[in-house]
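All chains should be modelled from the sequences, with the hints used to inform the complete structure.
Protein chains: 2
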Amino acid sequence: MMTMTAPIRILVVDDHPGFRAGLVAMVESSGEMKVVAEGGDCAQAIEAYKRHRPDITLMDLRLPDMSGVEGVMALRAHDPQCQVIVITTYDADEDIYRALQAGAKSYLLKEMTAEELRSAILAVARGETPLPAQVAQRLASRMSRPALTRRELDMVRLIVRGFSNKEIASEFGITEDTVKGHLKHLFVKLGVKDRTQAAIVALQQGIIHLWSASTDR
Amino acid sequence: MMTMTAPIRILVVDDHPGFRAGLVAMVESSGEMKVVAEGGDCAQAIEAYKRHRPDITLMDLRLPDMSGVEGVMALRAHDPQCQVIVITTYDADEDIYRALQAGAKSYLLKEMTAEELRSAILAVARGETPLPAQVAQRLASRMSRPALTRRELDMVRLIVRGFSNKEIASEFGITEDTVKGHLKHLFVKLGVKDRTQAAIVALQQGIIHLWSASTDR
DNA sequence: GCGGCGCTCCGCCGCGAGAATGATATCACA
DNA sequence: TGTGATATCATTCTCGCGGCGGAGCGCCGC
Numbered sequence: 001m002m003t004m005t006a007p008i009r010i011l012v013v014d015d016h017p018g019f020r021a022g023l024v025a026m027v028e029s030s031g032e033m034k035v036v037a038e039g040g041d042c043a044q045a046i047e048a049y050k051r052h053r054p055d056i057t058l059m060d061l062r063l064p065d066m067s068g069v070e071g072v073m074a075l076r077a078h079d080p081q082c083q084v085i086v087i088t089t090y091d092a093d094e095d096i097y098r099a100l101q102a103g104a105k106s107y108l109l110k111e112m113t114a115e116e117l118r119s120a121i122l123a124v125a126r127g128e129t130p131l132p133a134q135v136a137q138r139l140a141s142r143m144s145r146p147a148l149t150r151r152e153l154d155m156v157r158l159i160v161r162g163f164s165n166k167e168i169a170s171e172f173g174i175t176e177d178t179v180k181g182h183l184k185h186l187f188v189k190l191g192v193k194d195r196t197q198a199a200i201v202a203l204q205q206g207i208i209h210l211w212s213a214s215t216d217r
Numbered sequence: 001m002m003t004m005t006a007p008i009r010i011l012v013v014d015d016h017p018g019f020r021a022g023l024v025a026m027v028e029s030s031g032e033m034k035v036v037a038e039g040g041d042c043a044q045a046i047e048a049y050k051r052h053r054p055d056i057t058l059m060d061l062r063l064p065d066m067s068g069v070e071g072v073m074a075l076r077a078h079d080p081q082c083q084v085i086v087i088t089t090y091d092a093d094e095d096i097y098r099a100l101q102a103g104a105k106s107y108l109l110k111e112m113t114a115e116e117l118r119s120a121i122l123a124v125a126r127g128e129t130p131l132p133a134q135v136a137q138r139l140a141s142r143m144s145r146p147a148l149t150r151r152e153l154d155m156v157r158l159i160v161r162g163f164s165n166k167e168i169a170s171e172f173g174i175t176e177d178t179v180k181g182h183l184k185h186l187f188v189k190l191g192v193k194d195r196t197q198a199a200i201v202a203l204q205q206g207i208i209h210l211w212s213a214s215t216d217r
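Taken in order, these protein sequences are the chains called A and E.
For reference, each letter of the first sequence is one residue, going 1 to 217 in this note's numbering.
For reference, each letter of the second sequence is one residue, going 1 to 217 in this note's numbering.
No lab work stands behind these hints, which were simulated from the structure alone.
Where hints are given, some of them may not hold.
To be verified - Beyond 10 Å from chain A on every Cβ pair, some chain E residues (computed):
id, residue
1, Asp15
2, Gln81
3, Thr113
4, Gly173
Said to hold, decoys possible - Covered by chain A, according to a simulated footprint, are these stretches of chain E (three or more residues, beta-carbon under 8 Å):
id, stretch
5, 106-112
6, 150-157
7, 192-204
Every value quoted in this text rests on a predicted model; they were computed, and no experiment measured them.
Ideal placement from N, C-alpha and C gives every residue a C-beta, glycine not left out.
Right, dumping it as structure tokens:
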């Protein structure tokens, strides 16, 4: 049985040793919480979670082995009760949406202060889902935007990789006219006029990422 | 007169309080160096530099008020002898090139360990310019690439903002044919076939950034 | 059952984009 | 002085892109 005064036990997952050290310092500057384990990728995170059963997990979105969203889902698949707070530099609305969708309890930006971090951890420990004003605002803008269909996502992914309409068509085994139809809808939803702007907007909003669309990184 | 055993005095500039704390922890885990001041943007950095005259400045590339490259130039304009180490998540070759061009003595990625950081600081303090293998490799690939002219840079900037050839032409007061000519050269240099791919490649290589091309961020 | 939505396919049509080629002026540098 | 790089403007041509309208099919939910 956990008493009221027992410190909150925390797992930190980030591929930057420097930022991990910073998180540890911020967390442990107060006696009410302590870091019990650290990890640099999702595999280590799951391993550490099983061993230490932390009350709260702080997780970066961009990790070497898989995305933080996948990491959150993996942790929740293993323990649906786990409390994950995503901490990242990426404030694109789609990233926020997906992370919360995956089951994250909060979404913080790396610009946050130590006080903001600790108050968010305490709130999540109380069962709340605190969202900073800036993040909540971006999430709202995501909500008011029409969702892209699977096909439209396929389109924008290949557009960013430089595919022509014909190449996209043969990639999916459909007609070029069908591709044009999807693009038409895509442009309307993104509020753009051509494929180039569609690619840029998709990158800005976090719908796709350069590190997943390019050959390496 | 500084003696051999006096600690190296360091200024840390990063807009993330968490990462600043991590850098401080990593630096001060050894007695041979200490952080004498911190800053969250370039203005604070220059202010702190004038007051504390640090031996070495650790600077992030992305800052709220101006880019880290501008920050390096500003510091060196004030004191050409200043020793700046850029520390960033961005490993695009153009970023590396510009930072070193601006006078940075080293370029480290945030994935580095505490040991790598400290050895780089010691090396710079000795007058060397240490570059991690990964960074050196990307810098080399940048070197083997033809440099873009000023006009070609103008082109790619407006392409990323969704301008058509006609709009680009009127923006600069030149003919659409001239724009086409520049684009032709640009495509060859970037190794692409159309404006969409040019935009993507320019973003990947760090020639331009979404946060400087879009309306906000 | 029926409407709505997503996916598919079809036509027509205008325009912008890019390829090919050539010419001229300027400037830096050898 | 000549050579190369840069920037400018021009002509012609082809083709991919995107606009516009229509239409059939399957799935899901009310």
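### Task
Report holds or violated for chain A covering the stretch 150-157 of chain E, Cβ cut-off 8 Å, minimum 3 residues.
Violated: only 0 residues of the stretch 150-157 of chain E have a Cβ under 8 Å from chain A.
### Query
Within the stretch 192-204 of chain E, is the number of residues with a Cβ closer than 8 Å to a Cβ of chain A three or more?
holds (count 10)
### Query
Does the stretch 106-112 of chain E contain three or more residues whose Cβ lies closer than 8 Å to a Cβ of chain A?
holds (count 3)
### Message
Using Cβ atoms and 10 Å as the threshold, tell me whether Thr113 of chain E really stays out of contact range of chain A.
### Response
Per Cβ check, Thr113 of chain E is inside 10 Å of chain A; nearest 5 Å; violated.
### Message
Please check whether the beta-carbon of Asp15 of chain E is more than 10 Å away from every beta-carbon in chain A.
### Response
At about 6 Å from chain A, Asp15 of chain E fails to clear the 10 Å cut-off, so the statement is violated.
### Query
Are all C-beta atoms of chain A more than 10 Å from that of Gly173 of chain E?
23 Å, holds
### Message
Just want to verify: Gln81 of chain E was marked as not at the interface with chain A; is every Cβ pair farther apart than 10 Å?
### Response
Non-interface label on Gln81 of chain E holds, nearest chain A Cβ at 27 Å vs cutoff 10 Å.
In summary, the structure is inconsistent with hints 1, 3 and 6 from the numbered list given earlier, while agreeing with the others.
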